[in-house]
Amino acid sequence: MLTTRRLVLTHMWVAFATFSVAIILGVWQMWARSPLRAPFLTAENYFNSVTMHGVSMGYVLTTFFIMGFGYFVAETALKRPLPGKTWAWAAFWMGILGVLMAVLAIVTNNATVLFTFYPPLTGSPWFYIGLVLVVVASWIWCGLMIVAMAQWKRANLGEPVPLAMFATVANAVMWLWTTIGVAAELLFQVIPAAFGWIHTVDVGLSRTLFSWTLHAIVYFWLIPAYIAFYTMAPREAGGRLYSDTMGRLTFVLFLLYSLPVGMHHLFMDPEHSTGFKFVQAALTFLVSVPTFLTVFTISASMELAARLRGGTGVFGWIKALPWKNPMTLATGLAFFMLWFGGGGGLINMSYGMNAMIHNTSWVTAHFHLIFGGTVVIMYFAIAYSIWPHLTGWTFRSPGRLRLQLWLWAVGMMVMTIPWHYLGLQGQWRRVATFDYSDPMIAGWGPWVIVSLIGGLILLASAALFIVNLLPPHRKWARQPGPTEPYRYALAAHPPRRVPEVLNGFTLWNLLVALLMLAAYGWPILQFFLTDAPEAIVHRIGG
Amino acid sequence: MASPDPHNTPETEAERRAGRLWARTAVMVVVGFVAVFGVLGFVIIPVAQGAQAGIDPWSAICRAVGVSPGSPAMRQPVSDTPAQPVSNVAWTPAILNTLSGADRATGQRLAQEVCSACHGESGVSPSPNFPHLAGQSAAAIYKQLHDYRSGARFNEQMTPVAEALSEQELAAIAAYYAEASDDLRLGTRNPLPDERLQRLVSEGDPSRGIPACNACHARGAGGPIETPMINGQHAAYLEAQLTAYANGGRRNDIYQRMRTISAALTEQERRELAAYYQGTR
Ligand code: HEM
Ligand SMILES: [Cu+2]
Chain D
1 MLTTRRLVLT HMWVAFATFS VAIILGVWQM WARSPLRAPF LTAENYFNSV TMHGVSMGYV
61 LTTFFIMGFG YFVAETALKR PLPGKTWAWA AFWMGILGVL MAVLAIVTNN ATVLFTFYPP
121 LTGSPWFYIG LVLVVVASWI WCGLMIVAMA QWKRANLGEP VPLAMFATVA NAVMWLWTTI
181 GVAAELLFQV IPAAFGWIHT VDVGLSRTLF SWTLHAIVYF WLIPAYIAFY TMAPREAGGR
241 LYSDTMGRLT FVLFLLYSLP VGMHHLFMDP EHSTGFKFVQ AALTFLVSVP TFLTVFTISA
301 SMELAARLRG GTGVFGWIKA LPWKNPMTLA TGLAFFMLWF GGGGGLINMS YGMNAMIHNT
361 SWVTAHFHLI FGGTVVIMYF AIAYSIWPHL TGWTFRSPGR LRLQLWLWAV GMMVMTIPWH
421 YLGLQGQWRR VATFDYSDPM IAGWGPWVIV SLIGGLILLA SAALFIVNLL PPHRKWARQP
481 GPTEPYRYAL AAHPPRRVPE VLNGFTLWNL LVALLMLAAY GWPILQFFLT DAPEAIVHRI
541 GG
Chain L
1 MASPDPHNTP ETEAERRAGR LWARTAVMVV VGFVAVFGVL GFVIIPVAQG AQAGIDPWSA
61 ICRAVGVSPG SPAMRQPVSD TPAQPVSNVA WTPAILNTLS GADRATGQRL AQEVCSACHG
121 ESGVSPSPNF PHLAGQSAAA IYKQLHDYRS GARFNEQMTP VAEALSEQEL AAIAAYYAEA
181 SDDLRLGTRN PLPDERLQRL VSEGDPSRGI PACNACHARG AGGPIETPMI NGQHAAYLEA
241 QLTAYANGGR RNDIYQRMRT ISAALTEQER RELAAYYQGT R
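Keeping their order, the protein sequence lines are chains D and L.
The opening residue of the first sequence carries number 1 in full-length UniProt numbering; numbering runs sequentially from there.
The opening residue of the second sequence carries number 1 in full-length UniProt numbering; numbering runs sequentially from there.
Keep in mind the hints are simulated off the structure, nothing from the lab.
Computed from a predicted structure; not experimentally measured.
Just to be clear, a hint being listed does not mean it is correct.
[As the list claims (entries may be wrong)] Pair by pair, the computed Cβ-Cβ distance ranges are:
1. D/I441 with L/V114: 32 to 40 Å
2. L/S100 with D/E271: 25 to 33 Å
3. D/D531 with L/V114: 33 to 41 Å
[What the hints assert, rightly or not] Simulated coverage check for chain L against chain D, where a stretch passes if three residues somewhere in it have a Cβ under 8 Å from a Cβ of chain D:
4. 23 to 33
5. 39 to 48
6. 207 to 216
7. 219 to 226
Backbone N, C-alpha and C fix where the C-beta goes; we use that ideal spot for every residue, glycine too.
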C-alpha cells in the first residue's frame, strides 16, 4: 500500500469538493447572464460569485489536485517513499488556512475583485494573504518534488528519471518561475495597497507582473493532463509510448515557452511598445511545437495500441482502441476539445486578431473549453485511474465512469460553442446582466440559454463524478483493489540512457532566465526609469 | 520504467558527445529564435511601417523598443480641443495625503465658528434646507467645498463660505466631519422598506441605462472616491440635488455621472428615491 495514500486522497478531495461547489456557481452565473430571471441576482452577488468560482476553479481545484497528483507520481514512478511527508502535510494545512482566509473575505463582501489581480481595485488584504499562503504551500510542494527527483538520481546514477516524474518536476520548476511575477505584484503593490499603506499604484507594472504569471499558470494546470497523455493513456489503451524522448522534449519546451509569452494578454494595453508585443507573440507561436509533438506522439502511441489489438487500415485502427477504458475515452475526448480550443487560441494569440475578441465572451468561452474541457476531463481520468490504488477498491460499474466523461465533453461543447459565437458578436465578459429588450442584443438571449443548458449537463456530470468517487455502499460487496503497484506506460524503446540535458533542468533554467531577460527585462525596467503615472487605489469595503 | 541495467556505468565518450550536441543545439535554437524575432519586431517591421507613415527609421525603431512614445505605424494625432473640466478637483496623491494628514482640531474650531449656524451642531442639520454633514466622507466634503470655491458648483449661501477658506482648512473641516459618532453619522439609517425601490437601488434598470445606485452609494462599494453618503440625508435636499442634476442646474459631477443617471429617472422616482434614502431610524 502507498505511504502517501492519505496525503494524496486528502488533496484530491479538497480539490473535488471545491470544484463541485464552484460549478453550481458557474451555472448560476450563466443563468444570470441569460434572459431567464435568476434568483438572488444583484450585481454584487454576481461578482462575488464570479470571484468565488474563479478562485475555486483556477486556484484551489488546480493547486490541490496538482500537489496531490505530484505526491502520487513521486512515490509510484520513483518506487520509493516520498521524502519530507511532514513538510507535505504542513504545506497542505497552510494551503487550507489560505483558502479559508480568501473564502471568508469573499463571502463577507470584502473581495469582489475577481480572480485576477488588477489594481487599482483592491479587496481585503486577507484575501490576498490567503492566496499567498496557497502559493507558498505550492512552493513547498515544488521543493519536495525537486528533492525527490534529486535523491532518486543519486541512488540511480546515470539512469533516466522516469518520464512521469521528469514531467512533474518540469512543472514544479516552471511553477517556481511562474509565481515570481504574481508574488512580486502581490507583495510590493497589491497587499500594501489593500492595507492602505500606499495610496497610488502603478497599474502598468502590476498588469505586466501579472502577465508574467498569467500564461504560464495555465500550463501549470495543463501539464498533469499531458502527463496522463504520455505516461498513463498508452498503457491503459494496451500499448506503449511511441517515444520517450519526444515526451521529455515536450515538457522541456513547455518550461521554456510558457514563460516569455505572457504579454499576449496585454496586446491592447498602452504600457508596452509594439516591438516587445511582437516578440512575445512570435514566441507564443512556438508553443505550437510541443503541442504538435504531443498530438503526433500520442496519436502514434494510440495507433500502436490499436494495431496490437488487431486494428487495421489508415483510420480503421481507431475503432480497435479500448474505448471502454475511461482513460482512453477521456484522451480521445480531450483531443477533440483541444482541436477546437487550440484553434481559438491561435486567434487569441495573434497580435492583430486579438483586437476582435479582447474582453469579450470569446475569451471566457475559450478558457472554459481548453481548461474546463481538455484539462479537467483528464483530471477526472487521472482520478479514475489512480483511485483504486488509493482506496483499495475498484469501480463496480465502469459504465458510469464513461457516462460521466461523455456528459462532460458534450456539455462543454454545448456550453462553449454559443459562448464563443456571442463573443464574436461583441458580448462582454464580466458583465452581470444584459438588457435583452434592446433590439441590438436581443438575438443573444437564446444562445445564452443554450450555454446554460450545456452548463446543466456539466453540473450533472460533476455530480456523477462525485458519486463515482464515493466508496461503494457497505451492503454491496466491495471489489478489492489492485494488489500490484501502479504502472506507467513503457516506451516502445525504453531508454537505457538519456543525455544528461534531458534528465535534469540546469540548462533549461539558464535558457528560461535568458528568455525572460530578453522578453521582460526592458518592459519591467522601464517602469523604474520613467516617471510612470500612477492610479489611485480603490479599496473595496474600505 | 526503471531499466534493470547495472548502476553507475560510466558515460561513454559517444554519450557525452551526444549530450553536448543536445545542449549546443538547444542554446542555438533558443537564441536564434529570439534574434530572428527581435530583428523582425524591432527593426524590419517598424522601419517598413514607419516608411509608409513618413517616420524616419531611427524614430521607428525607438518607438518599437518603447523608448519614445507612439507606434511606428502611425503618427499619434494630437488633440487641440481644450479640456473643459467641470470640477477642478483631480485626485492626486498629494491631495490624498493632505486629506489623511489634516488637522481635525482646526476643523472642529472652524466648523463650530462658521458652519454650525446652518449645518447644525456637530453637522446634524435640523432643517431640510441644509444637508447633514456628520459622517459624510472626507473626500466628498472636500470635493464639494472645492467646487463651490472654484465655481463648478454654485449656491448663494455656500459659495461665499467656501471662498473664504484655504485649501488646508477645507481638508481640516472635511476630516473633522468625516469622524462623527455612530448615532449621528450618515449611513446608519434603514432605507424605506419598498421592494420596487430596493430593486432599482441594488440592480438598477438596464433597459434605461440606469446603474444600481448602491454600486456607488454604499460604504465600501468601490465607486468613485468622491461619492457622497446619501443614506440618512434629508429627502428634500436629495430630491433638490437630483432635480438639479437632471435639469443641468448642478453640473460639477465628473463625467456627468449623476446628470446622466438622474435625467433617466422620472420625477416621481426622484422623489421616491430621496425619501427611500432618507429612511427611518
Ligand atoms: C457548469 C459549468 C460552468 C459554467 C456554466 C461556468 C460559467 C462561468 C461564467 C458565466 C463565468 C463568468 C464569466 C464572466 O463574467 O466573464 C465563469 C467564470 C469563470 N469560470 Fe466557469 N463555468 C463552468 C465551469 C467551469 C470550470 C469547469 C472551470 C474550470 C475548471 C471554470 C473556470 C472559470 C474561471 C477561472 C472563471 C473566472 C473568469 C473571469 O474572472 O473572467 N468554470 N464561469
Ligand atoms: Cu496566455
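Evaluation of the provided hints:
{"no.": "1", "hint": "D/I441 with L/V114: 32 to 40 Å", "in the structure": "violated, 53 Å"}
{"no.": "2", "hint": "L/S100 with D/E271: 25 to 33 Å", "in the structure": "holds, 28 Å"}
{"no.": "3", "hint": "D/D531 with L/V114: 33 to 41 Å", "in the structure": "holds, 40 Å"}
{"no.": "4", "hint": "23 to 33", "in the structure": "holds (count 6)"}
{"no.": "5", "hint": "39 to 48", "in the structure": "holds (count 5)"}
{"no.": "6", "hint": "207 to 216", "in the structure": "holds (count 4)"}
{"no.": "7", "hint": "219 to 226", "in the structure": "holds (count 4)"}
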